[in-house]
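One-letter residues, chain by chain:
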Amino acid sequence: MNHILVKPDNCTGCRLCQLTCSAQNFKLNTHKVARIGIVPHFPEGRFEIHLCNQCGICQSVCPAGAISVDEHGAYVIDGATCVDCGACVDACPEQAIFRSFASMHPYMCNLCGACIDNCAAQALTWEEER
Amino acid sequence: MINGYGGSILRVDLTGKLIKREPVTPELAHDWVGGRAWIAKYMYDELPAGVDPLSPANKVFIATGPLSGTLWPSSAKILWGTKSPLTGGYIDSNMGGMIMAELKYAGVDMIILEGASAEPVYLMVDDEKVEIRDASAYWGMGSVDTEYAMKRDLGDEFQIATIGPAGENLVRFACITHDVGRQAGRGGTAAVLGSKRLKAIAIRGTKPIPVADIKGLQKHTTAAIDYIKNTAFFPTFSKYGTTDITDWCDDVGVLPVNNFQHGQYAKKDRINGKSIRENIYVRDKGCYACPLGCSTYSYSKKYGVYVEGPEYETIGLMGSNLGMDSIEEIAVLNAEADNLGMDSISSGSAIALAMELYERGILTKDDVGGLDMTWGNVSAARSFLKLIALRQGIGATFADGALAAARTIGRDTEKYVVQVKGLDYSAYDTHAAPAMMLAYMTSDIGAQHTRAWAIVQDINMGRESTDGKGKLVYDLQHLRPLMEVLGVCRFPWLEVKLDWENYVTALNLVTGQHYTTEELFAFSEKVWNLTRAFWTREVDGFGRAFDQPPARMFEPMPDGPTAGAKVTQTMVDQLLDRYYDAYQWDRNGLPTAGRLREVGLGYVADDLLKRGRIAE
Chain A
1 MNHILVKPDN CTGCRLCQLT CSAQNFKLNT HKVARIGIVP HFPEGRFEIH
51 LCNQCGICQS VCPAGAISVD EHGAYVIDGA TCVDCGACVD ACPEQAIFRS
101 FASMHPYMCN LCGACIDNCA AQALTWEEER
Chain B
131 MINGYGGSIL RVDLTGKLIK REPVTPELAH DWVGGRAWIA KYMYDELPAG
181 VDPLSPANKV FIATGPLSGT LWPSSAKILW GTKSPLTGGY IDSNMGGMIM
231 AELKYAGVDM IILEGASAEP VYLMVDDEKV EIRDASAYWG MGSVDTEYAM
281 KRDLGDEFQI ATIGPAGENL VRFACITHDV GRQAGRGGTA AVLGSKRLKA
331 IAIRGTKPIP VADIKGLQKH TTAAIDYIKN TAFFPTFSKY GTTDITDWCD
381 DVGVLPVNNF QHGQYAKKDR INGKSIRENI YVRDKGCYAC PLGCSTYSYS
431 KKYGVYVEGP EYETIGLMGS NLGMDSIEEI AVLNAEADNL GMDSISSGSA
481 IALAMELYER GILTKDDVGG LDMTWGNVSA ARSFLKLIAL RQGIGATFAD
531 GALAAARTIG RDTEKYVVQV KGLDYSAYDT HAAPAMMLAY MTSDIGAQHT
581 RAWAIVQDIN MGRESTDGKG KLVYDLQHLR PLMEVLGVCR FPWLEVKLDW
631 ENYVTALNLV TGQHYTTEEL FAFSEKVWNL TRAFWTREVD GFGRAFDQPP
681 ARMFEPMPDG PTAGAKVTQT MVDQLLDRYY DAYQWDRNGL PTAGRLREVG
731 LGYVADDLLK RGRIAE
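Residue numbers (the working numbering), protein chains in the order written: chain A, 1 to 130; chain B, 131 to 746.
Simulated from the structure, these hints should not be mistaken for lab results. You can take every hint at face value.
Straight-line Cα separation of at most 30 Å, DSS-like style, residue types lysine-lysine; simulated pairs:
| id | chain 1 | residue 1 | chain 2 | residue 2 |
| --- | --- | --- | --- | --- |
| 1 | B | Lys369 | B | Lys397 |
| 2 | A | Lys7 | B | Lys404 |
| 3 | B | Lys359 | A | Lys27 |
| 4 | A | Lys27 | B | Lys345 |
| 5 | B | Lys398 | B | Lys696 |
| 6 | B | Lys369 | A | Lys7 |
| 7 | B | Lys337 | A | Lys27 |
| 8 | B | Lys345 | B | Lys359 |
| 9 | B | Lys349 | B | Lys337 |
A few chain A residues that don't get close to chain B, going by computed Cβ distances all over 10 Å:
| id | residue |
| --- | --- |
| 10 | Asn2 |
| 11 | Ala80 |
| 12 | Met104 |
Glycine included, each C-beta is placed from N, C-alpha and C at the ideal position.
Looking at chain A on its own, in the form it has when it is part of the complex (with noise of 0.2 Å):
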């Protein structure tokens, strides 16, 4: 099972991860449906990356029991039987968990691992099983 190694000191802020994600799993051409998320902090001058780390946490609050793992390890939320209550995007202790006109329910990170190749500063790796 791979996970995604996220790196916050490598990131430029540069957004390219998120524009991959969204064009890859929604064919739209913007940052803001993405399943990551980048916060940028300044004056300070550091980046927030919000990315699932596969903790199961979501899982573990979800009252309809809509939350499973597929075959590449990555949490599933399954629109049919999601009651769209938000306790998942609340406890995600990440704050991973998306919400966007690009879907019905709350959606994270699915480890297609596009925005890895996009991401020359390398702030976003694969990293074999932990």
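Starting from the known structure of chain A, fit chain B onto it as the hints suggest.
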């Protein structure tokens, strides 16, 4: 919906507080593409001839291109164009950061600012909601401070561009700031905003940019990034950015020192890219969709200031050119120029002129408000900056630009101003660099390196020679504008050698059109003729006399690797003749009516003929 475009132009009348949304037509998109070309066209078509740049009748055109805000690498440019209060001619100045994407997500490709408000205002674009709002709470605040304050008030998701006290006080080289430290730096665009009492523009948008082939664009982008990150150039440029060239410029003797009196700096190791990493580096920072992340965000412990940069041009103009001791001094000057909202290049040039005149005894201590304007005096330089921004004392004279200041001071001081068309030289000495000098001489905004950056080829082709250099500058002036027509940064092409054809492919994937390089280069020639036509219309007697290098270049370089080198009028004339020939302009450097018609500017030819500005 037109692929690659937000779809509308916002026309904002600040006098009547009226906002109109005009559609981007398929003809405008296809025939004029975007960015710099739109600015050149709208400026020629809509500005009344001879308009005073600081009057309500001047307009500001803020334009993106079809690639701005897209996934394509470094698609992070927005351009600010107006009739320049510094030069009296055409200016567009481009800015990186994030705001170009936000504007297109709000469904807007260009904003046209007209008229002038009586009281301080800011423009808020929040998708369909567009408002002119009271800005009295921010008036008087620094550029960067205003951005932080407005983000606190409006929310972090807004992207904001601001002016500082210098813009408010109509300093003719005031700049527009965004994303902490990205500037539309040159030509005084912020003074025009100041004259309109427009403190800031805040933008939030939620609509994705329509792309004809998003899958194809993603594939093309990933291939380009794979190329970029595996080049030998990438590790160095992403680490040092523009400052990487400092050592080379010093080696070949083109680093400006003490107002371009020398080309090599004894303290070079204290101001170069390496000194940034060792002394003030906080982190790398990237513009939108940029894999290069060339910007450095810094903190000077010595002065307690954050600054984005310093970039190479600031190191040159505010560092070696002022005789500053180390990168810390440059950082504090840069930070203060940024927050006052002043172009660090022209600010450096103005301070350098004041220091040279002081050292020569032409300006006395009394003249300069009691400051000891000796080379390297950072506290005097900081005070001088503030005098300019607030137009106090001698600062009021220099606030009109170094050339205007020399004309006011008189006593044959104009010869010490290193400029073309009133725009101060950026950081490449041209005592022995004919192509770079020709690029400065013929740039359509004045002496700015980004219109054609020929210094490396100059050295490689033989710096004493003028052979092939007219053609070189002509060719660069065809490729460079296209970057700003499309709305992308030039650095992936320039610094890591991403082939130009990749940009044409990206443009076609985004727009669904079938542009070719040949067609785009012909279009570029049309745009270059149009900005030349604007100068011809606006400036009495415009022509060859305005394409001359500064007097300093005719003085022999006293020392360093170019010792003894100087420019001669014969060389200048030879360069200009070949350059005008390449454009098929007349010997006075004016486009002929016939040539204007050939490049598709018949209406401009008719207009200039009617005004008696050109011959048939």
